[in-house]
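There are 2 protein chains.
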Amino acid sequence: MTNKIYNFSAGPSKLPEAVVEIAKNELSNWHGKGFSIMEISHRGKDFGEVLAKSKQDLRNLLGISDNFEILFLQGGATQQFSQIPINMLGGRSADYVITGAWSEKSFNEAKKVSYYKNDPEHQIRLVASTQNSNFTKLPEISEIKLNPYAAYLHLCTNETIHGVEIDPNRLTPLPNVPLIADMSSHILSRPFDIEKFGLVYAGAQKNIGPAGLTLVIVRKDLLGLADLNTPKTWDYAQLAENDSMINTPPTFAIYMAGLVFDWLLNTCGGLENISKINKQKADLLYQNIDNSGDFYINSVQKDCRSQMNVPFIINKNVDKNGELLQKFLAEAEQNNLVGLKGHKSVGGLRASLYNAVTLEEVKVLCDFLQEFQRKFG
Amino acid sequence: MTNKIYNFSAGPSKLPEAVVEIAKNELSNWHGKGFSIMEISHRGKDFGEVLAKSKQDLRNLLGISDNFEILFLQGGATQQFSQIPINMLGGRSADYVITGAWSEKSFNEAKKVSYYKNDPEHQIRLVASTQNSNFTKLPEISEIKLNPYAAYLHLCTNETIHGVEIDPNRLTPLPNVPLIADMSSHILSRPFDIEKFGLVYAGAQKNIGPAGLTLVIVRKDLLGLADLNTPKTWDYAQLAENDSMINTPPTFAIYMAGLVFDWLLNTCGGLENISKINKQKADLLYQNIDNSGDFYINSVQKDCRSQMNVPFIINKNVDKNGELLQKFLAEAEQNNLVGLKGHKSVGGLRASLYNAVTLEEVKVLCDFLQEFQRKFG
Numbered sequence: 023m024t025n026k027i028y029n030f031s032a033g034p035s036k037l038p039e040a041v042v043e044i045a046k047n048e049l050s051n052w053h054g055k056g057f058s059i060m061e062i063s064h065r066g067k068d069f070g071e072v073l074a075k076s077k078q079d080l081r082n083l084l085g086i087s088d089n090f091e092i093l094f095l096q097g098g099a100t101q102q103f104s105q106i107p108i109n110m111l112g113g114r115s116a117d118y119v120i121t122g123a124w125s126e127k128s129f130n131e132a133k134k135v136s137y138y139k140n141d142p143e144h145q146i147r148l149v150a151s152t153q154n155s156n157f158t159k160l161p162e163i164s165e166i167k168l169n170p171y172a173a174y175l176h177l178c179t180n181e182t183i184h185g186v187e188i189d190p191n192r193l194t195p196l197p198n199v200p201l202i203a204d205m206s207s208h209i210l211s212r213p214f215d216i217e218k219f220g221l222v223y224a225g226a227q228k229n230i231g232p233a234g235l236t237l238v239i240v241r242k243d244l245l246g247l248a249d250l251n252t253p254k255t256w257d258y259a260q261l262a263e264n265d266s267m268i269n270t271p272p273t274f275a276i277y278m279a280g281l282v283f284d285w286l287l288n289t290c291g292g293l294e295n296i297s298k299i300n301k302q303k304a305d306l307l308y309q310n311i312d313n314s315g316d317f318y319i320n321s322v323q324k325d326c327r328s329q330m331n332v333p334f335i336i337n338k339n340v341d342k343n344g345e346l347l348q349k350f351l352a353e354a355e356q357n358n359l360v361g362l363k364g365h366k367s368v369g370g371l372r373a374s375l376y377n378a379v380t381l382e383e384v385k386v387l388c389d390f391l392q393e394f395q396r397k398f399g
Numbered sequence: 023m024t025n026k027i028y029n030f031s032a033g034p035s036k037l038p039e040a041v042v043e044i045a046k047n048e049l050s051n052w053h054g055k056g057f058s059i060m061e062i063s064h065r066g067k068d069f070g071e072v073l074a075k076s077k078q079d080l081r082n083l084l085g086i087s088d089n090f091e092i093l094f095l096q097g098g099a100t101q102q103f104s105q106i107p108i109n110m111l112g113g114r115s116a117d118y119v120i121t122g123a124w125s126e127k128s129f130n131e132a133k134k135v136s137y138y139k140n141d142p143e144h145q146i147r148l149v150a151s152t153q154n155s156n157f158t159k160l161p162e163i164s165e166i167k168l169n170p171y172a173a174y175l176h177l178c179t180n181e182t183i184h185g186v187e188i189d190p191n192r193l194t195p196l197p198n199v200p201l202i203a204d205m206s207s208h209i210l211s212r213p214f215d216i217e218k219f220g221l222v223y224a225g226a227q228k229n230i231g232p233a234g235l236t237l238v239i240v241r242k243d244l245l246g247l248a249d250l251n252t253p254k255t256w257d258y259a260q261l262a263e264n265d266s267m268i269n270t271p272p273t274f275a276i277y278m279a280g281l282v283f284d285w286l287l288n289t290c291g292g293l294e295n296i297s298k299i300n301k302q303k304a305d306l307l308y309q310n311i312d313n314s315g316d317f318y319i320n321s322v323q324k325d326c327r328s329q330m331n332v333p334f335i336i337n338k339n340v341d342k343n344g345e346l347l348q349k350f351l352a353e354a355e356q357n358n359l360v361g362l363k364g365h366k367s368v369g370g371l372r373a374s375l376y377n378a379v380t381l382e383e384v385k386v387l388c389d390f391l392q393e394f395q396r397k398f399g
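Sequence lines, in order, name chains A and B. Quick note on this note's numbering: the first sequence kicks off at 23 and runs consecutively. Quick note on this note's numbering: the second sequence kicks off at 23 and runs consecutively.
Keep in mind the hints are simulated off the structure, nothing from the lab. A couple of the hints might just be wrong.
It does not matter which identical chain is meant; a pair holds if it fits inside one copy or across any two.
[Said to hold, decoys possible] Straight-line Cα separation of at most 20 Å, SDA-like style, residue types lysine to any residue; simulated pairs: (1) Lys-55 to Asn-358; (2) Lys-342 to Tyr-171; (3) Lys-139 to Ala-248; (4) Lys-67 to Ile-27.
So that you can see chain A by itself, here it is in the shape it has in the complex:
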């Protein structure tokens, strides 16, 4: 018997234990057929059923109507930073909002493939950035001047590194400007109205499944704008026409995602239920941080703190040379708490509370936080 591990990794991250158990049990003998799901043709009946069920379960989970295509792609959200403008600009410009490291990256990649690289008036436009606040708050809506003729408005609704979240339910899109959202690190954490969006995308390795799969949900009427010379594997319209199988898709990752969708639907009771637990988990951890008398600090404004990714530091006045941080990580690991190191670009600590992380596990983390402060604070 192994010691129980408490995994707060930002991604690739903890998968639901029940899902890993199923995958393990049938890894060499899928549905009693004597082979692994990894070992069969993506065009055969067996994998066809896996793909169809995965897509249908996802439709049920998010309430995705037939107005939308579901694409299972590769290359991560980062590849989408380029693939989205290539497919969605259609000769126009687009508006970008920067609320953290990931939306900043998406803006920089989009500029590279813009039609108007040397024309500041028409290129990819930055309409708001919260960099001045060190990405600790959201932009004031009143300050944003959107282009009513933009091909789309892009934002990242959950910044994995900076821990800033935009509730998708609070967004009101302009009538003719499709909203595009990078939801990599909080998709499936709560219900939201997908009909408000033109395109939603997410790397799988947080709330969906293993790394190597990218989910794109796109309104069908927005397809077909890519240049004729777009590589096949990058053209959403061609990908949609071929059910994401222009070439071999990442079959095992799709199978795993399907198990996660099934678990969310049938074990967790859907997104309404899981979102309540997610709120409890986040509330508990933020309370512990806020009640630590500034020993632990999360600097994000309370109304936009992420429920999924909680970056925090040990007060620099206490931990002048960073020794306590190292001690924290070492003690955490000794106590089987892993994945708590902050992103290399910002340092500090980070706990990611994805769907697979239980309330009990967050309680163990909070106890550890208190105990560590008692010993070294």
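Since the structure of chain A is provided, determine the placement of chain B on it from the hints.
Below, chain B alone, put in the same frame as chain A:
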């Protein structure tokens, strides 16, 4: 206990049984650490070791010197059909040889991203095609007029659909034209001198591991030619600089590939050994086909028959309406022989004899061929 399955799928295909067993045993508890290899950061120490060992084992297997970078990418060989010209043309033209469906696709995708789309003199050049023979032979070297100033010469050394193979050891590149080869369906099936090549690439889902991983081995001095506006995830130079981790790589697929490399090195005794078995397997199946009195037919010229992919048909004079073909597939499945259906573009039958398929399994297939002919021939 399950019935033993005989899996001749063209890809995703059979993995070594020993590898699937290891993956299964440690799926929820990797190296006794209490988590799955899928659930941890790609930037942490544990996955770092998996990646480093995978690369080193691959270097040992193929004798890859430090002149080459090993990249673990996504998107399959099909994505490379575009990514290669984007990275390797450097403002020039390139020569393409077509010997089957895959090299034809690579040629068509390359033309789209060529610098000289409307200039037949300078665009991507087709220097040889065996389409007139229905892809049953290789082009005559004497007929090929290569461009000595081409950015590269591209070929597919094993055509998975048409079953035509070029022995990489027989190729002699022009002094200043790097040779680029799609080796998706026969890499690791035999030793070859990689120093002859500028770039070798392969989708993983045949001889390497699960689908969702693409291997690119590229000479370091050829890096850095991509346009500045190339998407980050497509720029070999940036990918090399970041050890294939500009963003999250397909960690589980890389782990599986690592297990396969280790199995080839330490269980199979390297590529020299496995190539002998591969030759025995292919010889046996071709003999059975050729000795069937034209009941089974493989039309590929003997000197370029693939050792990995054996497409064949049941003689049309015997099977006028294709009923025997359907009966063959049904009887095969009843006998636990799976993955024998030919590619949809050519129909018929196909047996793929990748490294994980044993000589014993090929014998069972040959017995089945004979038995089926006895009953219905």
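Against the structure, the hints:
1. Lys-55 to Asn-358: Cα proximity of Lys-55 and Asn-358: across copies only (9 Å, versus 37 Å in one copy).
2. Lys-342 to Tyr-171: neither (50 Å within a copy, 60 Å between copies)
3. Lys-139 to Ala-248: both (17 Å within a copy, 17 Å between copies)
4. Lys-67 to Ile-27: between (38 Å within a copy, 17 Å between copies)
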